[in-house]
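*Asks:* One line per chain: the protein sequences are A and B, in this order.
End of the first sequence = 466 in full-length UniProt numbering, gap-free, step of one.
End of the second sequence = 466 in full-length UniProt numbering, gap-free, step of one.
Careful: at least some of the hints might be erroneous.
Put simply, identical chains are the same to the list, so a pair is met inside one copy or across any two.
Cut-off 27 Å, straight-line C-alpha distance, at most; resulting in silico cross-link-like pairs (DSSO-like, lysine-lysine) [as the list claims (entries may be wrong)]: (1) LYS237 <-> LYS79; (2) LYS102 <-> LYS179; (3) LYS218 <-> LYS245; (4) LYS102 <-> LYS187; (5) LYS102 <-> LYS245.
Calculated directly from the structure, the hints in this document are not laboratory data.
So the chains spell out like this:
Number of protein chains: 2
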Amino acid sequence: MKNNYLNVLFGLISLSLIGCQTTGTDSADKLVSQELQQKALSSNLAYELVESLTVEVGPRLAGSEQDLVAVAWAESKLKGLGFDRVYKEAVQVPVWHRGEAKASITAPYPQPLVITALGGSVATPTEGVEANIIRFDSLKALQAANAASVAGKIVFIDHVTERHKTGKGYGQSVGGRSKGAIAAAQKGALAIIIRSIGTDHDRMAHTGMMRYQEGVKKIPAAAMSNPDADLINAMLKRSKNISIKLQLSAENQGVATSYNVIAEVTGSTKPTEIVLIGAHLDSWDEGTGAIDDGAGVAIVTAAGKLIQDLPLKPARTVRVVLYAAEEVGLIGGKTYAKAHQAELQQHYIAAESDFGAGRIYQIDFKASEQGYKELIKHSQPMTANGVVMGNNKASGGPDVSMLPSMGVPVASLRQDGSDYFDYHHTPNDTLDKIDPAALQQNVAAYAQFAYLMAQSKIELRPIATK
Amino acid sequence: MKNNYLNVLFGLISLSLIGCQTTGTDSADKLVSQELQQKALSSNLAYELVESLTVEVGPRLAGSEQDLVAVAWAESKLKGLGFDRVYKEAVQVPVWHRGEAKASITAPYPQPLVITALGGSVATPTEGVEANIIRFDSLKALQAANAASVAGKIVFIDHVTERHKTGKGYGQSVGGRSKGAIAAAQKGALAIIIRSIGTDHDRMAHTGMMRYQEGVKKIPAAAMSNPDADLINAMLKRSKNISIKLQLSAENQGVATSYNVIAEVTGSTKPTEIVLIGAHLDSWDEGTGAIDDGAGVAIVTAAGKLIQDLPLKPARTVRVVLYAAEEVGLIGGKTYAKAHQAELQQHYIAAESDFGAGRIYQIDFKASEQGYKELIKHSQPMTANGVVMGNNKASGGPDVSMLPSMGVPVASLRQDGSDYFDYHHTPNDTLDKIDPAALQQNVAAYAQFAYLMAQSKIELRPIATK
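Please construct the entire structure, taking both the sequences and the accompanying hints into account.
*Replies:* Here it is in structure tokens:
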């Protein structure tokens, strides 16, 4: 019954589309958009997808055996959902093995510490590294320190990550994780252990990628839980001489082949033009990758499926890209940008969902000034789903963040990330952290976004530079 | 200035005490009780004590090296606080070493599990135990099962612990932990892994003591986190054949000497009569023992110190007992009861603080019917601190739970335990889980309780049997 009704509705809509050239939302687009929202809010597909991914695949570190299980899972799911086209593209990814990670305070008050190796870290010698620590408030403070005070010590960066709806606290503290080992090694440190980049008070350390720099010694890098960092601060009030022993058996094991897995709803009138909605398929290895980024995979897949099932396909092609190896350096995103270089001019707009399953409260764009003004009118149907129109300063999400510099407009569908960094990159990233209703709201927003963009007649280029 | 005022006040009070024989609170006792409350609510002593214990000692498993560090810490602190008498009494405690604990689902969907060994468990063979699992809702369901269905399998008891202010959910589910290995082994199981006895959704397993039974095979016993148990249930919806591999290197290592550490405020007129307030000094080895039971140690010590510092000591002796080895079988409590058997007739009443640092909302007693009726009048000053008068069915706390059967009245100062089992017996039992204001409220309640009991003229024996 419903389908009959829809067929009639879409017949009317398709008639109404002819010759329509307003910059606000076409009334037919608005109707379809409303229908997409209603369908998304009553569908369990996204939850079923993230449940399936976390249960049947689980942790899927780039380059691991499970990474390829995830690729097979994605291909199978996308094909099963009946997308017009499903394919994969090879991505060469670095392989890192976590191994064991142990640390303890050895003086003045011996206690075990809860730590985790940072992604990409080298191992310690088997017997470990034991040395006094030197504490810094931030990466900046470490960078400003006298090398003589750091040499021979284990650097402890104690940067507290603040809780914000936007997640901006992460951006403020994550430099210590990504660049701390370089700064510490440049000053002669033996190793680095940071306070976890996380907003929780759980005795769980947060992993995440760290970097080395050519010509700078590679020193072992780990993170400790927030309560452990508090413990060390309590000891530092009693004594300046805190020694720690660190043992890591992590290993970088070369390169493996993974895949970006891609599904498409072929556009009805402009099939070569692309609206890209993405997420990343890989995860860290300690949780089951539910919020990072099983949720994103589920959201963009379910959104794409709603568009696939429309009686009348939108003008442009909607491309769902499940990126490989985001966690270990946006490798899937970079590979995609390179492989599709010739086609980037045909990418109308791109967005990635990679911030858990919190509700979307705002959409930002990165387009031309005039295009942005028209986009916020055209996207008005999204407000019924709780999404307000934001600014023209979007980055688009990690795997599409390099696209604006190549001329491709992007959008950021801003999620409430208040608790995202409680669980991010820890064993606690599990299915129970996802609110099914919030996940549905995300699907509605992405479905509306993708549809409206695939129908849009707005010129988005060239991107505003300021 | 305050002390001068107090000396005058207590002079007046001591005069007013002469010949006073009402069953309600003496007005002088009420004044002292109010003063104790005010002092407790403005003192940081308890927080400083639990901070010191968690930072300078940390995990202190009975029989471990750190257990003796804790004993030395307690003796030193109690002496430093100026109690009339500080001493220790030897306790023979079982020594158990946790070793490593690993588990993974090996089929149909290979995934690592987050587990912990249960206290007292034997090891698996080095290569581990791998078998299909069989799931039960509860210990009772396991006990009712056909042995043929259990033999050769790993038992999974999936009893969810419900959250209650009283903590009663723990009592409903903990049987699976303590007695599950016996029931499983009697039916031929190879090992047992239970859903953690905990109310959280953290990827942390809750340890705790398990038992074996003479004549029944000792099988390895572990607990998995709640999200891991959810994961297995999700797999069980897909397949009955879930196999798990379990590796434990736990070891029972004989017996060591630990100590109950005791401090006393000598009674002014009935020094041989005892009001006992206790807590346990030992902790599990994965957290720092903040809520279990650093909080209790801090509460009863700070309460005792407030009474020690009164210008006029109460009639009876207030004895602060920091028990050894509660976690591994109430060993300190049992040893105390035996060692003090001849003196138990002189124990007026006993209570233990061992339920974290949540606010006390009620006091229950276990005394004679008439004594109970008078106690709830006599204890009225506690209501100003938020403590309502409860029933006559107290157990008194783990280490004093055996005393009522020996004729000793007890009280239970009921704490709000809504979040206690989120952290209990996990690495998450750390200082940040304690609310300093709630801790002060506990100290006030214990100080008032101990003082009022030490002054009481009520006959509490013989204990009501119903």
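*Asks:* Now tell me, hint by hint, if it's right for this structure.
*Replies:* Tested hints:
no., hint, result
1, LYS237 <-> LYS79, "between (59 Å within a copy, 23 Å between copies)"
2, LYS102 <-> LYS179, "within (22 Å within a copy, 32 Å between copies)"
3, LYS218 <-> LYS245, "within (18 Å within a copy, 36 Å between copies)"
4, LYS102 <-> LYS187, "within (24 Å within a copy, 38 Å between copies)"
5, LYS102 <-> LYS245, "both (8 Å within a copy, 23 Å between copies)"
Consistency note: the structure conflicts with none of the earlier hints.
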